[in-house]
Amino acid sequence: MTPLNPMLGQYSELFMLLAAGTYTVALIAFAWDLAKSSATLKAIDERAARQQQQSRQLVGAGAPVPAQESGNGAITADPSMRYAAERRVPARVAVALTVLAAVIHGAGVVTRGIAAGRVPWGNMYEFLTTGAWLVAVVFLLVLLRRDLRFIGTFVVALVIIMLVAASVAYWTPVGHLVPALQSYWLVIHVSIAVLSSALFTLTFAMSVLQLIQSRRESKLRGGGEDKLAFMSLVPNALSLENLSYRINTIAFVGWTFTLMFGAIWAEKAWGRFWGWDTKEVWTFVIWVVYAGYLHARATRGWTGTRAAWLSIVGYLCVVFNFTIVNQYFNGLHSYSGL
Amino acid sequence: MSETVKKPRGTKAQDQDIAVPVLGPVGMLRWAWTQLTSMRTALLLLLLLAVAAVPGSLFPQRPANPAVVTQYIKNNPLTGPWLDRFQLFDVYASYWFSAIYLLLFISLIGCIIPRVRAHYKALRTAPPRTPRRISRLPQYGTLVIPAGEGVTASSALEDAAGVLRKRRYRVETRDADGERPHLGAETGYLREVGNLVFHSSLVGVLVSVALGGLFGYSGQRTIVEGETFVNTLVGYDQFSPGTNFQSAWLSPYSVRLDKFEVRYDRESVKQFGQPIDFTAHVTTKDGPDAAPQQETLKVNDPLEIGGTGLYLVGNGYAPVITVRDGNGNVALQGPVPSIPTDGVYTSTVVLKVPDAKPDQLGFVGFFLPSAQLNEQGVAFSADPDPLKPQLNLNSYYGDLGLDSGAPQNVYSLDVKNLKQLNGRDLPAKGIVLDAGQTYKLPDGKGSITFDGLKRFIAVDVRHNPGQVPALVFALVAVAGLVTSLYVGRRRAWVRTGTADDGRVMVEYGLLARGEDHGLAKETAKIRRALQDGWGLNTGPGDPPGGSSSAADNGKNVAGPDSGAARNGKESS
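Protein sequences appear in the order of chains U and S. Numbering-wise (the working numbering), the first sequence opens with residue 22 and increments by one. Numbering-wise (the working numbering), the second sequence opens with residue 127 and increments by one.
It is possible that some hints are incorrect.
[Said to hold, decoys possible] With a straight-line Cα cutoff of 30 Å, these simulated DSBU-like cross-link-like pairs (lysine-lysine) come out:
| id | chain 1 | residue 1 | chain 2 | residue 2 |
| --- | --- | --- | --- | --- |
| 1 | U | K289 | S | K483 |
| 2 | S | K651 | U | K289 |
| 3 | S | K411 | U | K289 |
| 4 | U | K289 | S | K396 |
[To be verified] Some but not every residue of chain S turned toward chain U, in silico, with C-beta under 10 Å:
| id | residue |
| --- | --- |
| 5 | G304 |
| 6 | N370 |
| 7 | N590 |
Hint data in this document are derived by calculation from the structure and do not stem from the laboratory. On a predicted model such as this, the values are computed, not experimentally measured, just so you know. No residue lacks a Cβ here, since even glycine has one placed at the ideal position from N, Cα and C.
So here's chain U without its partners, still in its complex pose (with noise of 0.2 Å):
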């Protein structure tokens, strides 16, 4: 067994700090950026209006009208979330914030990794602190190929709390695994699991914003009042639906994944792979209400709106499977450290 660094692990510790205090600032630009949203839709709009008029120009030389409901009338981002031409300046800074906070919260993993000679994440403290990396790393990499900044606010946000709640709550220095987890499915079972539920993460937050905006974009129908005017920066309902089923799908399969290592582990340590102790229960209600929620984008009426409140209730059980089982649950799993 490799001896411990303490040392290291002070300056992941450290690492960690300046990880969250950047995050932070990343915060607020994205904040920002969504409360000078009326002046980015105010450019939007001029675009729109112009391009509206070349298409008119164009349309009698026999090109296409993009179909796209814009202009004056523009209740929703391009659907497409591709990167559109408006320089959001805040956006771009709380971007380049995030990557900057996330270098040096990667730093922060690899040197807990290094100092305690093993995979960083033996403990609540480790799931936490890696997990939130994850989620950031998730998200900066879906946002190469899609303008998905409007969900940076609540992305970041989540970033903060996950790690604010591992220095606060989960604290551990650095240590030796338990026998029980001496297991190269340790590297495995739990690296899928963290990566899925960090996929979940986004999905959740792309579900809570299609309820949003779906209730939004009928109340608009209706001839109401805007009074979520910052939701115009997100697309409309459908497309966040489209995106967020097809990370779930990945997500999903990076789950079963982690119900089937997890039962080849099981089958290792304590002799059977499956024994219903509390994470297996919770770990396969999860599956099951994910597998609901494919189900259910097959579903004539359960599509929208019932399909993205499955995907919040499959997070929810997410964060309650990690938060609450782990903690007040007596099982085989109570060992994961605290």
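Once you've looked at the hints, dock chain S against the given chain U.
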């Protein structure tokens, strides 16, 4: 799952009537079957299953912790029996939980079978006919081949068929020599195959689990250093056979515990004294006459022997004790496993000496590996390592009640009919023994000696014939799941024709069956391949996707049969 869009067959004829139709018993059954195998029912059963699984984590469960359940019922005399009546202490074997998952699986099977049949038919049917207006498909585009290239309408269609075949479409050309030749193509049949394989494999997993319950067994045993466990019924402390298991199937191997080593964390401050390694050195023999083998058994690293797995699930100290009775004879001699209750191995000890004469003797108390006294003068263990091993015992004499034949827990002593000899409140006080010491019991009842210390391990022995099939089915299920989620089931149509000026006009369109976010990309690839084949350049005004549909938001279900596409989605 099959869809609810279809009306139950039994009511088809009565649709025109206003009066409520009489279904009759067969019709009722048919109606019930249609309801059960409908997607909505399956979804509700699925959600119900999730909800039904939850109580099993809220209440103690008998299979895992029978003692905790008994205690719970004792502590909650009002609610406990009611919870028990509704089987909330054995949720996963309860009638209601079983009912839910059995209904779910029946619904599943009732859905798989017709879909297998339908897909088998689809696999043998030619791709669908070309819609009259391809332009209404969600993905649509046109290409124009200039005259004089030697391309005719039918050769252009052949080229398009080649492109699609290369992209693994099944292609059928129609009216090849007609005025407007056209083709229909379909790909992604694997999506439905994956879907069906996934759901069938779930049934396989369930059957495998049942197989394990029928023909497997599990047993527990504690082995003290120096002891040998022989895999026979009498060798077990506890044995739970599967319903159809026969003890003759036990393979007569033996395992001797030579030495058990424990290492504790001495580096970390907060986790000081936490175990970081358990290693059992054992000598195994596959049968009575087999050659002995040296092996190690660790947590997460079970021993595979005789078709079973041997799992290290617990350990503790077994103080070696000698008890002499009132007549001066040795009434008990040997290691006594004690049950650890905390991280520093404060362990409970129960000692029954039925052979003691003239009175039977009983001892209850603690074993402390590193005994120290706190401010109140109460002994506690300061460390899990045996730095100062000590026994703290109360003693009793009288009839232990073992002769009546009623089964007793070896780890608890019923003192109701016994008279106490030693105890904190008695003049003789409690017995405190360090290693090597002897204590003489009051009133000449005998003596007790703490001779030394050994460790013991608790092992689970398991045999589960359903394990490997369950794993295989699970792996196949995942493969099916991934296929059904990421393979796109797509249909493509191409129609060609020759204009008056000799140019060849090509129009094409694509439609996805089910969720498919890659349809636009696929269309673009096909367009590129067609252009390359005909040597056409991408000119200005040529949209990159070659598609007229601007709103690509991942759901390409608009089109001629958009309603059917939305509801006829493949995922189940």
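Exercise for the section: Hints the structure violates: just list their numbers, smallest first. Expected result: 1, 2, 5 and 6
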